[in-house]
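Student: These are the residues of each chain, in order.
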Amino acid sequence: MTDALLAGELPLPPRPDYLRHGSTIASWLTTTDHKRIAILYAVTITFFFFLGGAAITAVRLELFQPNGWFLTSDSYNKLFSFHGIVMVWFFLVPSIPNTLGNFLLPLMIGAPDVAFPRLNLFSWYLTLAAGALTVYALLAGGVDTGWTFYTPYSSMFSNTHVFAAAAGVFVVGFASIATGVNFIATTHMLRAPGMTWFRLPLFVWAIYATSLIMVLATPVLAISLLLVIAERWLGLPIFDPSRGGDPVLFQHLFWFYSHPAVYIMVLPAMGVVSEIIPCFARRRIFGYDFMVYAMLAISGIGFFVWGHHMFVSGQSALASLVFSFLSFIIAVPSAIKVFNWTASLYRGQISFESPMLYALGFVGLFTTGGLSGLFLASIPVDIHVTDTYFVVAHFHYIMVGGSVSAFFAGLHFWWPKATGKLYPESWAKFAAILMYSGFNMTFLPQFFAGYLGMPRRYHTYPAEFQIYNVMSSAGAAVLAVAYLLPLGYLTWSLFYGGRAGNNPWEATGLEWTTTSPPPPKNFDWQPRVDREPYDYHAEGLSAGTDRPEVQNVREIQ
Amino acid sequence: MNENRPTAGRLWRKNIAIWGALLALLLLSLSLAYVPMGRLTTAAGIVIAATKSALVLLLFMELATSKSLIRLAAISGLVFVAAMFALTLSDVLTR
Amino acid sequence: MSDESAVLREPWLDFDRQREAAKFGIWVFLGSEALFFGALLMTYTVCRVEHPEAFAAAGRETNIWYGTINTAVLLTSSLSMAMASQAAESGMRFRRLVLGCLLATVLLGLAFIVIKGFEYKEDIDKHLVPGAGFALPQAGAQLFYGLYWLVTGVHAVHLSIGMVLVSRLFWMFYQRKLRISENPELEVTALYWHLVDIVWIFLYPLIYLPGRAS
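Chains as they are written, first to last, in my numbering: chain A, 1 to 557; chain B, 1001 to 1095; chain C, 2001 to 2214.
I should point out that these hints are in silico values taken from the structure, not numbers from a laboratory. Just to be clear, a hint being listed does not mean it is correct.
[To be verified] Which stretches of chain A does chain C cover? Using the computed rule of at least three CB atoms under 8 Å from a CB of chain C, they are:
{"no.": "1", "segment": "186-196"}
{"no.": "2", "segment": "239-247"}
{"no.": "3", "segment": "296-307"}
{"no.": "4", "segment": "323-333"}
Even glycine gets a Cβ: it sits at the ideal position worked out from N, Cα and C.
Full structure from sequences and hints, please.
Tutor: Next up, the structure:
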């Protein structure tokens, strides 16, 4: 890294990069360049993140008082439902796969684009159409079924805009399936010469495992919502008990998708963390092979545990036992990954740049959330804490403490690559630490409140829980600031940030061998791979202190 | 590239034979439906449908001569459908 | 090869690889369709397990002739689609055969829709639509017919999409705007069409055959 590079005084590349290659709006809206599509998605999910965040801000404000003070019960129900729907399907599911995954997958495997570029753009348009339907549902008066659309309330009794919301989720599901097909085909068919399966970066494996889930689980969600829509709109008696229907069947269909969906939300996060920790510890990842097997195990076994959401639904005892057992089993591969991330730090040359702060935060918060999941997998405990804030805290530790932290980690790590700009590191460190603190302030009290019996999705609560709610809402305010800060300084960096060189972090991986930002076809030469990933130091040494040998070495015209 | 190219006649013979088998199985399932065998009647219909599907998959869709990657993709869907049925029925049948 | 385009697209450098990827991609998509229809079939299965006699009584009311003939129609369309796809691998030699088989596939699909239309009309006349005035007394029978209308409707939508895809291919080949030999779009469309047929193969015993033996 020369000083000239660090000072941002780089010569301009000999050809336009992907951002400057075509500057009309039409060139953006008709692009098939995966990097531009990633940016389009990034803008979209940021919008939805703040929309879902606004909804829950209202909820947390309301919860300062045990009996509420500015919302009606109906509005309260609509706000938390909207928060869940938007955050799950319009932020978490597309966030890492469709922004970071879209941008990085071809770069990391040495390909010029994804396998089906036009399908990629179509996925984005489907997401927009779906988002429009969901926003319409909000503007027309909202939906109050919760993001889980349980029957028979959603199919027979709710007077809110279930159709529009369910239709929105139905459509975005197809965007998800299309993305999954695209990424699976890309990984199989477009790897550069020498890039064998076990030389792939773990982020690629993570996106691949996620895509398998997207393709196989999402259709069942589509059917579950189609059945609800058919019952409401056409009067078909699918879940109506008085006409022979079984409401619990909806839960089987819904959770068959929605449990693997949480792995869609967490596997890419694990992939991001697996890229960042080796870089900032200057060490190879510990146990690469088992990291791969663990991700595949999570994606596979994740399909067999959905009934742990249904222990109190009337599901049979036998089925509950089977699901409980399998839910304990699935903790094992996640634990293996946590051990391996930790072991990767041992004897490392650790530095605490902001991506590393977010990544280390992920490891701790994901572990906490995962351990609380074991409590929920145990049927006797779950009987007491189900539908309480214990569950809310559990999944927020994983989804927000885990996935959102990892999203910010990846956003910061690859920001110089994608934009060619450096963001102000001290602001980023401050935001990372603020986010970690605000997060714990918000969600740790919820474990206690839930354990002591405070139900979830209730507008009002007994006065004894107020202390926990006040702490949680105060923490949410801190968290909100922590989310707004990156919006500020990252935008600032686009205009005033220093120029980034090809490899500001001195990381391994093919994406760091091309310019920042990359050219439209990703590489100015044909990449060829002849070594393992994470080659931060020679075998037998501990941390590397010199520049690592990156994967791509040869120029082949 | 020109050797082993089939003639139109060979293509017709091969595919009409498969089609004939499919129609025969259809008529078989139709007639078996009227035979009172309790649960076996239902099972027969489904088994015959599975057989017809296997013929379409293996021969019309050429899975029998496809690369293993394609066959892996084909079977993955079925594996998870089976898991969905098995685990859901483990609830429904034991309530 | 006259003026037919070679269809190599980004990001592919090698046409065979592109074909392979298209074929792989559609099979992955068919995997998702297996779960899509699998979920519907599982809904049917759970409801039937919970209401066996009602499903038998309801199944008896379906028109077995329409159902069986339609199944035969779709099986024949799979024949013509397979012929078109296999003949196309040999390229220009079988141009008329490919065109004829594609046309036959579309017409058979249309025949299916027409017969289904007659069947739907008869079902409506017999008051087999769930809701007030439903013909059969058992609660589960309404469930059977709710699923019947929904599943056959979803199948019909898939079939219609298939017909549009096949018609487009027929037209593009006829106008010589697309090369026939080794065409990935034809391979992909053929596989999709066979899926639509397989779905119906499974629907047939579930809709038309219950309750016949009593």
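Student: If you check each hint against the structure, which ones fail?
Tutor: 3 and 4
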